[in-house]
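Novice: From first to last, the protein sequence lines stand for chains F and A. Using this note's numbering, read the first sequence as starting at 1 and increasing by one per residue. Using this note's numbering, read the second sequence as starting at 1001 and increasing by one per residue.
FYI, nobody ran anything at the bench for these hints, they're computed from the structure. Glycine is no exception: its CB is placed at the ideal position from the N, C-alpha and C atoms. Any given hint could turn out to be false.
[Stated by the list, open to error] Not close to chain A: a few residues of chain F, all C-beta gaps over 10 Å, as computed:
(1) ALA20
(2) ARG39
(3) ASP90
(4) ALA236
(5) THR263
(6) ASP280
(7) LEU359
(8) ALA383
(9) THR418
[Said to hold, decoys possible] Which bits of chain A does chain F cover? Going by a derived footprint, with three or more residues having C-beta under 8 Å, they are:
(10) 1094 to 1100
(11) 1106 to 1112
[Said to hold, decoys possible] Partner residues are not named here, just some residues of chain F that face chain A (Cβ under 7 Å, in silico):
(12) LYS40
(13) GLY52
(14) ILE227
(15) ASP240
(16) LEU246
(17) THR264
(18) ARG265
(19) LEU409
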Amino acid sequence: MANTPRFYDEMFGTGDGPRAPYRDYDAWFSGEEVNNLRRKSMQAEALFRLTGITFNVYGMGEETERLIPFDIVPRIITAKEWSTLERGIDQRVRAINSFLHDIYHRQEIIRAGRVPAEMIARNDAFLPQMIGVAPPGNIYTHIVGTDLVRTGENDFYVLEDNARTPSGVSYMLENRETMLHMFPELFSQVKVRRVSQYPRSLRRSLAACQPPACSDYPTVAVLTPGIHNSAYYEHAFLADQMGVELVEGADLRVVDGRVAMRTTRGYTPIDVLYRRVDDDFLDPMNFNADSMLGVPGILDVYRAGGITIANAPGTGIADDKAIYSYMPEIVEFYTGEKAILKNVPTYRCSEPEALKYVLDNLAELVVKEVHGSGGYGMLVGPAASKKEIAGFRAKLMAKPGNYIAQPTLSLSTVPILTKAGLAPRHVDLRPFALASPKGVEIIPGGLTRVALKKGSLVVNSSQGGGTKDTWVLED
Amino acid sequence: MLGKTAGGVFWLMRYMERTENMARMIDAGLRISLTRSSAAESEWTSILNANGLLAAYLDKHQEVEGAKVINFLLRDRANPSSVMSAVEAARTNARLVRTALTREVWEAVNECWMELCALLDRPAKAQDLPAILQIIRQRSAYVRGSLAGTMVRNDVYDFARIGTFFERADNAARVLDVKYYILLPSIMHVGSASDNVQWETILRATSSARAYQTLHEGEYDPRMIAQFLILDKRLPRSLAFCYRKISDNLDYVAKDYGDRRPCHGLVEQICHRFETMTIDKIFEYGLHEFVTEFLADSQALGRQIEQDYRFYE
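Here chain F stands alone, though its shape is the one from the complex (with noise of 0.2 Å):
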């Protein structure tokens, strides 16, 4: 590349020495020796293969488990850049859930002109089995997973609201985990802020959303696809720490009105289902017909206030990368308040300036799929190459409203481990909030995703990225 941005780097800033939160981590790390340090990351390695946190790769017609790689080193905030992180997506997952309640009942955002009709009408993600219904509580996205990203002192964007089924969360909690073990010193040293009640805060927020037919202290329980499911660690671990059962569809059925699980006793009813299986495959009978993998009629049972679904059907619509340039428009109609995070610039290709400014521009753009996730279907203009580009342009012409479009961002970079010491790399950070009737609880720390492979800015797992503790520090 001709003219390299300056990255914000947020262990040593723009300038000289570290910035004062990671003064004193700085300290204990110059004591250290790399290659001890080195030996202590290879031990970490074997403890997460050890516990089994890991997610499945499917190729070559075999099933092979990986890790996602962790670094020691971690990345660090303080607690005022906390306080308005912390303020801010209190305040999305507010809105979110207002809209998904409007979007689905009186659409007042529409009438009001905040948001065309088209951008709802025409949308997969919109469910028209959820029009009218009234979730338990109100609460549409129970458990919301914001990925935000920072490129200067002062300067977080959110780059997507997760609204639907966000993952990684048992990351947070192992990467703690594992860093206890391995430099328990270190946190004698530094005050870094517990992130291990977040088990105990989702059952908490889930039970407080109990359906009406819930007549007694509310059961519990998370649905998963299955043990081939990529993630299906993270649902163990999740149902596990809860102390709540981890069912699939085969073990569940509609018994009385009520959803239920096959139990050595009988069938039990279950009043909160943490379902990790998405809209499609929730309900054959209402959704796709072909899923095994849901409980057939469970939406029914739903709408007539049996069971409460977290996160509630039809949430999609509200992260939604289309919708998304809406946001702030959103946060300042359901709130009255000016959204406290803010947008990445977006340009909606559906819309003709837009997408004309976007062909123009495209080796300095992102380009993403509308509906796409995981970091696949996009394009990042100044990393590709003339032929890249030149086969997107083709792509983005014949179907431009499946595109947005985003200035790279200079995100900024913590350092990881390698050989020859410390080295910069491009990170991202997902906190994770509940929201219940009670109100939203945002759990101090995240998941920090590193992109491993120098300069480069993809930090998904499936395209080489890892992940690192993330401190929040006490006042």
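Knowing the structure of chain F, use the given hints to seat chain A on it.
Specialist: Here is chain A on its own, set in the frame of chain F:
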């Protein structure tokens, strides 16, 4: 507790026990083939038979040959009872019921799988076999120990124990089923060196050799051996012992749930037979017939437990 979970822990422990038993059988076969090469082929054949694997083996191989049989029993993933297949099935079940297990139990199973994947990555060299077989037995004991040391004594634990003893009894009965003829009283064979080795093999394959020596002052006697493996309640691998345990664990479940199911009647019948039987009566009735009937009863009990506690839809 989910029905699926009850089935999962039952099978997890069955497969762990199978892993260990298979290692013991290979060990026993190995000894015979080392000391008496002329008997090796028939010994490997009877081991394949005991596990119902002879036909599957002969589908793949022309003749019964030590190294090939060992490879088939240890590593062949096409053989569902090989050590590797069993340990993989154990781990899959452990993943399935991960939430019902303590971290210690899960890690013991996972570590067993990881170590065997590495150890059995390629055909085992003859000189490495004893060490490998020992590791397999140790790993299995480690899983059992983690279970005993860390699990709450509830229905999950009961079904895990039922799985262990069910498989153990099944294994002992299968060994008796293919070897019964060498335990039959016969003037010709008594005291001959050949039978001493054969008897020792039975004891080794059921991990009972040392116990037998201690309790019977070193004298091999086919009748005593049969009595020991079938009826002696001191031996943790005898049929009577395993069924006492299965019955106890099913009783705990019944107390816990406050109801008895058809499987309780079945297990009571089987236990009652062990209580009232003597080895003389068994020989009078026919050792082979007795073992065959036992295997059929045990299969029926397995199906009944599965149904009573809703392992499957």
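Novice: Say whether it holds or is violated: THR263/F keeps its Cβ farther than 10 Å from all Cβ of chain A.
Specialist: violated (6 Å)
Novice: Classify the label on ARG39/F as holds or violated, using whether its beta-carbon is more than 10 Å from each beta-carbon of chain A.
Specialist: holds (20 Å)
Novice: Close enough to count: is the Cβ of ILE227/F nearer than 7 Å to one in chain A?
Specialist: holds (5 Å)
Novice: Taking the closest Cβ pair, is THR264/F under 7 Å from chain A?
Specialist: holds (4 Å)
Novice: Is the interface hint for GLY52/F satisfied, with its Cβ closer than 7 Å to some Cβ of chain A?
Specialist: holds (5 Å)
Novice: Confirm or reject the statement that ALA236/F sits farther than 10 Å, beta carbon to beta carbon, from all of chain A.
Specialist: At about 4 Å from chain A, ALA236/F fails to clear the 10 Å cut-off, so the statement is violated.
Novice: Hold the hint about LEU246/F up to the distance rule: shortest CB distance to chain A must be less than 7 Å.
Specialist: LEU246/F check passes; min Cβ-Cβ to chain A is 5 Å, inside 7 Å.
Novice: Go check the segment 1106 to 1112 of chain A versus chain F for me, would you? Three or more residues, Cβ under 8 Å, otherwise it fails.
Specialist: Since three or more residues must qualify, the claim that chain F covers the segment 1106 to 1112 of chain A holds, with 4 doing so at under 8 Å.
Novice: Grab the minimum beta-carbon distance between ASP280/F and chain A and tell me whether it stays above 10 Å.
Specialist: holds (23 Å)
Novice: Holds or violated: ARG265/F as interface residue toward chain A, Cβ cutoff 7 Å?
Specialist: holds (6 Å)
Novice: Hey, does ALA20/F actually stay past 10 Å from chain A on C-beta?
Specialist: holds (37 Å)
Novice: If you take the shortest Cβ to Cβ gap from LYS40/F to chain A, is it below 7 Å?
Specialist: Violated: closest Cβ of chain A sits about 20 Å from LYS40/F, beyond 7 Å.
The structure shown violates the earlier hints numbered 4, 5, 12 and 19.
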